[in-house]
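Student: Just so you know, the protein sequences line up as chains A and B, in that order.
Going by numbering that gives the first Met the number 0, the residue at position 88 of the first sequence is 87; the numbering climbs one at a time, nothing skipped.
Going by numbering that gives the first Met the number 0, the residue at position 399 of the second sequence is 398; the numbering climbs one at a time, nothing skipped.
Hints were generated in silico from the structure; no laboratory data involved.
Just so you know, these numbers come straight off a predicted model, no measurement behind them.
Hints may be right or wrong, so weigh each one.
One copy or any two copies: either way a pair holds, since identical chains are not told apart in the list.
What the hints assert, rightly or not - BS3-like, lysine-lysine: derived pairs with alpha carbons at most 30 Å apart:
#1 Lys455 / Lys360
#2 Lys315 / Lys121
#3 Lys49 / Lys360
#4 Lys319 / Lys121
#5 Lys342 / Lys120
#6 Lys342 / Lys455
#7 Lys43 / Lys342
#8 Lys126 / Lys18
#9 Lys312 / Lys126
#10 Lys455 / Lys315
#11 Lys121 / Lys104
#12 Lys121 / Lys43
#13 Lys120 / Lys312
#14 Lys264 / Lys18
#15 Lys315 / Lys342
#16 Lys49 / Lys312
Protein chains: 2
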Amino acid sequence: MLPSCTRCSLPATIRTVLKSASGLTASDPASDPASMSTLKGWIKSIRGHKNVSFISISDGSTYEPLQAVYRGVLGPEYSIGASVQLTGKLQPSRGRQEVEFLISKSSVLGPCDTMEYPIQKKNLPTKVLRDHAHLRFRTTQTTALMHLRDGILRDWHDWFESNAFTYIHTPVLTSSDCEGAGETFSLSSNVFPDRVNLTVSSQLHLEAPTHAVSRTYTLSPCFRAEPSATPRHLAEFYMLEGEVVVDTLDGLMDVVEDGIKSTLKSMLRGTTDRSERLRDALLAIRSSDVVRDTMADLNTTMYEPFARMTYAKAIKILTKHHAVTPFNHPPIPGHGLSLEHEKHLAADRPIFITHYPAAIKPFYMLPADNDTVACFDLLLPSLGEIAGGSLREHRLSHLEASLPSEEYAWYADLRRYGSIPHGGWGMGWDRWISWITGVDNVKDVVAFPRWVGHCKY
Amino acid sequence: MLPSCTRCSLPATIRTVLKSASGLTASDPASDPASMSTLKGWIKSIRGHKNVSFISISDGSTYEPLQAVYRGVLGPEYSIGASVQLTGKLQPSRGRQEVEFLISKSSVLGPCDTMEYPIQKKNLPTKVLRDHAHLRFRTTQTTALMHLRDGILRDWHDWFESNAFTYIHTPVLTSSDCEGAGETFSLSSNVFPDRVNLTVSSQLHLEAPTHAVSRTYTLSPCFRAEPSATPRHLAEFYMLEGEVVVDTLDGLMDVVEDGIKSTLKSMLRGTTDRSERLRDALLAIRSSDVVRDTMADLNTTMYEPFARMTYAKAIKILTKHHAVTPFNHPPIPGHGLSLEHEKHLAADRPIFITHYPAAIKPFYMLPADNDTVACFDLLLPSLGEIAGGSLREHRLSHLEASLPSEEYAWYADLRRYGSIPHGGWGMGWDRWISWITGVDNVKDVVAFPRWVGHCKY
Chain A
0 MLPSCTRCSL
10 PATIRTVLKS
20 ASGLTASDPA
30 SDPASMSTLK
40 GWIKSIRGHK
50 NVSFISISDG
60 STYEPLQAVY
70 RGVLGPEYSI
80 GASVQLTGKL
90 QPSRGRQEVE
100 FLISKSSVLG
110 PCDTMEYPIQ
120 KKNLPTKVLR
130 DHAHLRFRTT
140 QTTALMHLRD
150 GILRDWHDWF
160 ESNAFTYIHT
170 PVLTSSDCEG
180 AGETFSLSSN
190 VFPDRVNLTV
200 SSQLHLEAPT
210 HAVSRTYTLS
220 PCFRAEPSAT
230 PRHLAEFYML
240 EGEVVVDTLD
250 GLMDVVEDGI
260 KSTLKSMLRG
270 TTDRSERLRD
280 ALLAIRSSDV
290 VRDTMADLNT
300 TMYEPFARMT
310 YAKAIKILTK
320 HHAVTPFNHP
330 PIPGHGLSLE
340 HEKHLAADRP
350 IFITHYPAAI
360 KPFYMLPADN
370 DTVACFDLLL
380 PSLGEIAGGS
390 LREHRLSHLE
400 ASLPSEEYAW
410 YADLRRYGSI
420 PHGGWGMGWD
430 RWISWITGVD
440 NVKDVVAFPR
450 WVGHCKY
Chain B
0 MLPSCTRCSL
10 PATIRTVLKS
20 ASGLTASDPA
30 SDPASMSTLK
40 GWIKSIRGHK
50 NVSFISISDG
60 STYEPLQAVY
70 RGVLGPEYSI
80 GASVQLTGKL
90 QPSRGRQEVE
100 FLISKSSVLG
110 PCDTMEYPIQ
120 KKNLPTKVLR
130 DHAHLRFRTT
140 QTTALMHLRD
150 GILRDWHDWF
160 ESNAFTYIHT
170 PVLTSSDCEG
180 AGETFSLSSN
190 VFPDRVNLTV
200 SSQLHLEAPT
210 HAVSRTYTLS
220 PCFRAEPSAT
230 PRHLAEFYML
240 EGEVVVDTLD
250 GLMDVVEDGI
260 KSTLKSMLRG
270 TTDRSERLRD
280 ALLAIRSSDV
290 VRDTMADLNT
300 TMYEPFARMT
310 YAKAIKILTK
320 HHAVTPFNHP
330 PIPGHGLSLE
340 HEKHLAADRP
350 IFITHYPAAI
360 KPFYMLPADN
370 DTVACFDLLL
380 PSLGEIAGGS
390 LREHRLSHLE
400 ASLPSEEYAW
410 YADLRRYGSI
420 PHGGWGMGWD
430 RWISWITGVD
440 NVKDVVAFPR
450 WVGHCKY
């Protein structure tokens, strides 16, 4: 869609002003009144000299603040964190920047008490920033994280659209609880006659339209009432889930692998304005302290085939390794994998672990043989599990035999009337953002994180 | 993004097969083995003759089912609602369709008991369909509604991106309650120490990043624990909300008006594949019984300026009208407008009603004068209120004087440190879909509707 805001008159941003001046030459354009712009933003830093003041301002449209110059002395109300309105024009800079904004008129819109302002220092500890989640958007890193979440989500939407998936708004309030692990939040109210839960996964609800539309997806908030406070867990998180008419587990894994590779390629190799913004955001995030080096991981992920290995083989490899270099917890056949096991298996490339024992997986997964189900977990280097999926039990009689309760009769109906082989997957959205940025803790990539004991704002 | 599913091998859809054959000529292409396709879908209708059977199948990629022809007699398991896999090729049709799919091989994937199947009849009453919300996706109308929600949402995302808005995932769980109307669902759990509510609006949370990013938006589930069961209310609904650094109420209304017009134009006049799909979906929905005529409304909305009128003037007009043709409820200065008042004011075009009395509006709205606030409600013909917005009180001392409680101290902080004039709006997403499609009840445009007494599935 072309920019169509013909009637609305949103003001210029630093980004648009810089773009429009990308051909600026060394000759002073000060005589051209058409080049005057008015910008609003927040002061990131300020330096005063005898006859000239330099202020760096940000409006969230770029990550490198714009240097503005004022020929004179600015009052003390021009402090870090204050919002300002500046009218002026770009000129070639004599400093390190290519251009600077020569201020002809300025005013403070909102002052900021520098004695009290919690965000003025650079590189504040993440703990301090989490305690001021409502203000941490004003750090370059958090601004860039919000842009990155936005841009890569758009890339995923484009990928789903190009593969004929339809976005479905699945519900948050539900009378089912999907995996039934006792980790659901429940709601008591007199609006509904029965117990209502907050959804833990949109899968079951997404399977219903898949039986008409063939390919569906959603990005929905999900909720787990677990007391876990690890860097990978939140009480409220977003999950990207897809369901698709597909025959084989390999076919399903192909879809997931393609989605991940395509969106990474779009971000890292794309030539659109969005791709450029995404790369700028990624650089801004990665230039801060809290980030580990992941750029190599992203390149490997983008180009090389993901490994695929059965659970049985994985257990063998882990057991062998454990005999030489013990894990904290030994791998036990028939049990789930722990984080250290996952990290070992995915040490150098993404890997799908398939065919877990049926006994440790939920009722809706399609059996692969007597003991295992046609499922996968996708493990990423240094993170572990990012996504899980399976073929779904599509045979009515088998499904009915394992249905947990009467409440799932509607789910069995999907197989009663025109069942179809299909499968699906869910990917933790916040973990995904954490992994591609290298920001280790999901609490730091979410606008307002909620975890055990914490639901501020 | 170009289709990039090189490794994944999702099967053909009816849409892609029809597209690839759009140049099909009257000469029989049966000798070209490359034109063979395998399709999966559901039987919408079936007719058998002595030596030939005709079945119409749908896979959700088109709204007009594909006519398939089998030279022979199909068994009774080929019934309405059954899912099938068909291999064959397109050929010019001798019937009313341009093309038909000549079946060379077929199998039933999932049978469907026609004695039990609730969806086999055409034009079922909406009540019946609501009682089978998990199966109603299999009606053409609901399939088309899901496509339409998907496509127009993408158009909105594009519009926001082209205007430099950043998408923010605002939280569902909150310790604030925004409008404080006592209509919030609350959650008791031992995960959080205090009372936690389900959000009624993302506005307050969206204002925080706006103080760094300048333009933000979200489409988030919202919850109202009200016992209302009108065609316009749900207990869980989606709201499209935006916040933007802007100085004037007119400037804010310009943004909202532009968003609505731009996305409508994209749907109704666009030349992309998505626009085409949207128009097909709209036609499919509108060709069913339950739809009133709205096409004229959409054209007016797209091209003509929205009216703008103060609340004071609106009350005068309503009072004058009431004296001649009484409303059920008289308009009363200082009170809100009822639905019949809204419909009268918006009888022939969308209208913004501005400057409501401060006494009936929430604490965060910016005063316009002694008695009114700088706010608007946007009313649409035959629907009434679709959106509401305001400039926000950005002056710390004024905001602090009206803060409802200590819990909002974080919200006051946004004004304490670099406040900035700004405003925002919220638009009921499900009402919007209801209005553009002409499907009068929001319960029928939502995948799994929840309202008082109803939280099935």
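Student: Give a verdict on every hint.
Tutor: A quick look at each hint next to the structure:
no.	hint	verdict
1	Lys455 / Lys360	between (34 Å within a copy, 25 Å between copies)
2	Lys315 / Lys121	neither (48 Å within a copy, 56 Å between copies)
3	Lys49 / Lys360	neither (71 Å within a copy, 50 Å between copies)
4	Lys319 / Lys121	neither (47 Å within a copy, 62 Å between copies)
5	Lys342 / Lys120	neither (35 Å within a copy, 54 Å between copies)
6	Lys342 / Lys455	neither (32 Å within a copy, 40 Å between copies)
7	Lys43 / Lys342	neither (39 Å within a copy, 49 Å between copies)
8	Lys126 / Lys18	neither (36 Å within a copy, 55 Å between copies)
9	Lys312 / Lys126	neither (41 Å within a copy, 53 Å between copies)
10	Lys455 / Lys315	neither (45 Å within a copy, 45 Å between copies)
11	Lys121 / Lys104	within (28 Å within a copy, 68 Å between copies)
12	Lys121 / Lys43	within (10 Å within a copy, 63 Å between copies)
13	Lys120 / Lys312	neither (50 Å within a copy, 51 Å between copies)
14	Lys264 / Lys18	both (24 Å within a copy, 28 Å between copies)
15	Lys315 / Lys342	within (15 Å within a copy, 70 Å between copies)
16	Lys49 / Lys312	neither (72 Å within a copy, 56 Å between copies)
Of the numbered hints stated above, those contradicted by the structure are hints 2, 3, 4, 5, 6, 7, 8, 9, 10, 13, 16, listed in ascending order.
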